[in-house]
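Chemist: Residues per chain, in single letters:
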Amino acid sequence: EAQVTQNPRYLITVTGKKLTVTCSQNMNHEYMSWYRQDPGLGLRQIYYSMNVEVTDKGDVPEGYKVSRKEKRNFPLILESPSPNQTSLYFCASSSPASGRAEDTQYFGPGTRLTVL
Amino acid sequence: AQSVTQLDSHVSVSEGTPVLLRCNYSSSYSPSLFWYVQHPNKGLQLLLKYTSAATLVKGINGFEAEFKKSETSFHLTKPSAHMSDAAEYFCVVSWAGGFKTIFGAGTRLFVKA
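Protein chains in written order, with the numbering used here: chain A, 1441 to 1556; chain B, 607 to 719.
Do not rely on the hints blindly, as some may be mistaken.
Here are the simulated DSS-like cross-link-like pairs (lysine-lysine), alpha carbons at most 25 Å apart as the crow flies [what the hints assert, rightly or not]:
1. A/K1458 - A/K1505
2. B/K674 - B/K664
3. B/K718 - B/K648
4. B/K706 - B/K648
5. A/K1505 - A/K1457
6. B/K706 - A/K1509
7. B/K706 - A/K1497
8. B/K664 - B/K648
9. A/K1511 - A/K1497
10. A/K1505 - B/K674
11. A/K1509 - A/K1497
12. B/K706 - A/K1511
Please keep in mind that the hints were generated in silico from the structure rather than gathered at the bench.
I would like the entire structure built from these sequences, with the hints used as guidance.
Modeler: Rendered as structure tokens:
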């Protein structure tokens, strides 16, 4: 089954304790992205990756890191989490046709993070 | 600059009546436009997308949207609401080969029996 998986689905942590949220897709998609969802703000893009070893900042990258060492995986790293990073996080992947923003993004189930 | 504005944060309709969720966008490029739905405690599901083909786009579950370039709008409609349509709906603009995406703030749809 084609899917995007995220782990963990729920996480409660404390300020300053490094954490990683994993994201994996099995559709051989080039493009992957991380979003955070906050009430009244919709989803905001944190980082995206156009392919292996190619990443770029989205609209709200501060406090986050990413890496793309393999095509299927795109982990999100919070080196020193803070309470304002409490949010619902979504990973997505797609395979945009060359030069055209046509392709659908497939979303993971979400990771609900609470930073105390 | 690119932006997406969903004009209503909440919409309430009675079951069996039409649904209209409004979305305006601003884009310097030829955008692709999407509507996604998120049911409570669920992930995001694509309803429909516009990618410069037909301006009237039909999606799943009886939803459709019309791209109006002159009005920079992409409103979502459904002729008859069902209780199962109660959810949050997001209008999305994508450009730069699909690598840049902006979500609207969302419209929560309530359906009354």
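Chemist: Quick one, are B/K674 and B/K664 close enough, alpha carbons at most 25 Å?
Modeler: With a Cα-Cα distance of about 15 Å, the restraint between B/K674 and B/K664 holds, given a limit of 25 Å.
Chemist: Against the 25 Å threshold, does the CA-CA distance of A/K1511 and A/K1497 hold or violate the hint?
Modeler: At roughly 18 Å apart (the allowed maximum being 25 Å), A/K1497 and A/K1511 satisfy the hint.
Chemist: Straight-line Cα separation of B/K706 and B/K648 no greater than 25 Å?
Modeler: holds (23 Å)
Chemist: Take the C-alpha atoms of A/K1505 and A/K1457, compute the straight-line distance between them, and say whether it is at most 25 Å.
Modeler: Since the Cα atoms of A/K1505 and A/K1457 sit roughly 14 Å apart, the hinted pair holds (cutoff 25 Å).
Chemist: Regarding the pair B/K706 and A/K1497, is the alpha-carbon distance no greater than 25 Å?
Modeler: holds (10 Å)
Chemist: Are the Cα atoms of A/K1505 and B/K674 separated by 25 Å or less?
Modeler: It is violated: about 38 Å lies between the C-alpha atoms, which goes past 25 Å.
Chemist: Given the hint that A/K1509 pairs with A/K1497, test it: the Cα-Cα distance must not exceed 25 Å.
Modeler: Cα-Cα ~17 Å, so holds.
Chemist: Between the alpha carbons of A/K1458 and A/K1505, is the straight-line distance 25 Å or under?
Modeler: Status holds; Cα separation ~11 Å.
Chemist: Below or equal to 25 Å on CA atoms is what counts here, so check B/K718 against B/K648.
Modeler: holds (21 Å)
Chemist: Would you check the hint for B/K706 and A/K1509, treating anything up to 25 Å between C-alpha atoms as holding?
Modeler: Judged against 25 Å, a Cα distance of about 21 Å means the pair holds.
Chemist: Has the given pair, B/K706 with A/K1511, been kept, meaning a C-alpha gap of at most 25 Å?
Modeler: holds (19 Å)
Chemist: Does the alpha-carbon distance linking B/K664 and B/K648 stay inside the 25 Å limit?
Modeler: holds (23 Å)
When each numbered hint is compared with the structure, a violation occurs for hint 10 only.
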